[in-house]
Every structure is written in structure tokens, then in C-alpha cells.
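Trainee: So the chains spell out like this:
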Amino acid sequence: MKNHLETMRAQKGWTQQELADRVAVSRQTIISLEGGRYNPSIQLAFKLARLFNVKIEDIFIYEEEE
Amino acid sequence: MKASELKTQITLGWLALAGGLLLLAAGSLLRLWMPGLALDPRLIAAAGIILFGVGIGQLAKYMIIKKYPKDTRQIVIEEQDERAQTIRLHAASLAFRVTVVAAVAALLLTVFNNLLNPASTALNADLLWPYQVAMVVVPMLAYIGGLAWYSSRF
Chain S
8 MKNHLETMRA QKGWTQQELA DRVAVSRQTI ISLEGGRYNP SIQLAFKLAR
58 LFNVKIEDIF IYEEEE
Chain P
2 MKASELKTQI TLGWLALAGG LLLLAAGSLL RLWMPGLALD PRLIAAAGII
52 LFGVGIGQLA KYMIIKKYPK DTRQIVIEEQ DERAQTIRLH AASLAFRVTV
102 VAAVAALLLT VFNNLLNPAS TALNADLLWP YQVAMVVVPM LAYIGGLAWY
152 SSRF
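Chains as they are written, first to last, in the numbering used here: chain S, 8 to 73; chain P, 2 to 155.
This is chain P alone, in the form it adopts within the complex:
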């Protein structure tokens, strides 16, 4: 990684950290001083906490790279390796297709069930929660399986 790129990434980390702190402070102060706001100030504070976390992560990553350039070079190469990126992209594409199929299946199930039996709902409250969990877990499994499958192919 070039020194200028490293410097830019560290600056971005500091900016995210400072921005996060500002948002957190703004959210907290707005909650104290202007309690009747239409927008809940806790949302601003939450965005600040997330931005602060992103900044910390960014700084930790690139400061370690700066401090141990030889050791981290291999890690960066592994991370940016084009074959590894190709494998990740293929696995992500597979997981996306699984998500789309699952979503369309749920819609079709609901629509046809409503047409055939308007009194009942196909995805009722009992089924909706497990289905939503499956919508997260199954694509994740497809992604992991895709990584293994494409690693053996490429």
C-alpha cells in the first residue's frame, strides 16, 4: 500500500471518529435542550456511535499496517488477491440469487394462498418469524457454501 493511500485512510478514520463524536454530542445535547423535537435525537446519537465505531476500526486497521508494514503486506495481499475477490463475488452472487428466490417464493405463496383461500394467511405470525430468520441464515449458508465451491473451481 502506498504511503499516500495509507495517510488518506488514516485521515478518513480520524474524520469518522470526530464526526461520530460530534453526532453523539449533538444527539445527547438536543435530547436535553429540545425534548419535543419531531426527530428523536437518540437516532442522531446512535448514528454517532456507529460512525465512532467505524472510525475506531479504520484507525486500528491502518495504524497497525503503518506500524508493521512487512507483516501486514501479506495480509493485504491475501485480502486484495484477485482470485480471492473473484471467489467472494461469485459466492455473494449465489447468496443474492438465493435471497431473491426466497423472497419471490414468499410472495407467490402469499398471493396464491390469498387467491385460493382468502380467509387464511400463508405466512401468519407463527411462520413469519422463522421465515425471516431463514431469509438471513439460508443466504449466509449459501455464501459460505459458495466460498468452498468456488475455491475448488478456481
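Pulled out of the complex, with its shape left as it was, chain S reads as follows:
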């Protein structure tokens, strides 16, 4: 799933480790999320949305599979 996580993190000036610490996941998870390889749980998606003070849809782009 595509997302704007990297851009939003950069706007805040946070490193991947700082973002990982704020949502209590590993740095590797943030790397995979930003790379679009890993889809977060609904809980982590909400945590990220609340951290950036936006809606989940503003971070993650849902595309229907063909």
C-alpha cells in the first residue's frame, strides 16, 4: 500500500528511529512501511494518524486490487 509517511515524517524533521519510538515499533517497521512493503495494523495506522494529527486516509492510499 502506498503512503505519504516518509514525506510527513520529513516535514516534522524526525528520523525513522524517532518516529519508531513515538509509535512503539522497530525502525525496520518504519522502513518497510515507508517502502510500501508492509501494511500496518489498524491500531498502528490510528497511532500514526493521531501522531500526525490527520486522518488515516491522509497517510495511506488504498488501491483496490484488480
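Read the hints as simulated data drawn from the structure, not as lab findings.
All residues carry an ideal CB built from backbone N, CA and C; glycine is no exception.
Any given hint could turn out to be false.
Said to hold, decoys possible - A short, non-exhaustive set of chain P residues, derived as facing chain S with CB atoms under 8 angstroms:
(1) Lys3
(2) Ala4
(3) Glu6
(4) Ile78
(5) Glu79
(6) Glu83
(7) Arg84
(8) Phe155
Keeping the supplied structure of chain S fixed, place chain P upon it in accordance with the hints.
Mentor: Just chain P now, with coordinates in the frame of chain S:
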């Protein structure tokens, strides 16, 4: 980890430790006082030793977390990390499927061999032991391989 959760885990550790000691004592005393029991008291003592070990492990883990909260926070995060858990679950699922296939293959081999050649056994005593070892080792290798494979995918 919340303080209340930490306290609960430490209490569980103490309970396991105490329960283990009680079972160990009960097993040992029953063996001395009632030697003719149908249930071998050594089984009770063995269960006590296992429970005691579980208690020690539990206490050691959570007391270290209590003593060094900052250092262990990262370890707990790594352990409870949802991506890591997903990878472990996928690898475990793969290992389980390998186990099922191996077990079904052994059954099919035995059944068809018995149908075709009733005088012989496909998994005789010579083959059974290596096959059982393979039934443990191969799924373990599948699990380790699965961890590496899914780590690169997720």
C-alpha cells in the same frame, strides 16, 4: 510496559516458582511415603521442576525489565513489534504446513506400501528414527528459512 502489567507478570512468576516447589515436594514425599501409587510420583516432581524453571525464567525476565526500564524498552518493542510478529506467524505457518505434508506423506507411504506389498513395512525400524528426526529438523529449517524469506518480503 505498564507498571500494573509488570506487577502481574512478576506475581505470576512467583506463583509458578511456589507451585513448582510445592509439586516437587509433593512428588518427592509421595514417593517416600506411598511407594505403591498407580501414578508415578516422579511425574509430579518432574512437573514441579518444569514449573519451577518457568517461574525462574519469568521472574528473571520481568525483574530485569523492572530494574532497567529504559534499556529493556527497546527490547520489548523489538519483541512485540507487529511486523516482527507477522513475520514469525508467517514462518510458523510455513513450518506447520511442512510438518503436515511430511506426516501425510509418511501415512500415504505406509498405506500404499501395505496395499502393494503387505509383507514389508515402508517405515521400518531403521527408517523410522531418521524420519522422526527429519520431522523435527525440516520444519525447523522451514521456520528459519521462512523468517529470512518473509523478512525480505515485508
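Trainee: Determine for every hint whether it applies to the structure shown.
Mentor: These are the hints, each one checked on the structure:
1. The restraint placing P/Lys3 at the interface with chain S is violated, with a minimum CB-CB distance near 12 angstroms, outside the 8 angstroms limit.
2. For P/Ala4, the interface hint is violated, the least distance from its beta-carbon to any beta-carbon of chain S being 16 angstroms, above 8 angstroms.
3. Here the hint on P/Glu6 is broken, as its CB sits about 14 angstroms from the closest CB of chain S, past 8 angstroms.
4. The interface hint given for P/Ile78 holds, since its Cβ lies 6 angstroms from the closest Cβ of chain S, which is under the 8 angstroms cut-off.
5. For P/Glu79, the suggested interface contact is upheld, since its CB lies about 5 angstroms from the closest CB of chain S, less than 8 angstroms.
6. Against a cut-off of 8 angstroms between C-beta atoms, the interface hint on P/Glu83 holds, since the closest Cβ of chain S lies about 5 angstroms away.
7. The beta carbon of P/Arg84 comes within 4 angstroms of a beta carbon in chain S, closer than 8 angstroms, and the hint placing it at the interface holds.
8. With its C-beta approaching chain S no nearer than about 5 angstroms, P/Phe155 sits inside the 8 angstroms limit, and its interface hint holds.
Checked against the numbered hints given earlier, this structure breaks hints 1, 2 and 3; the rest are met.
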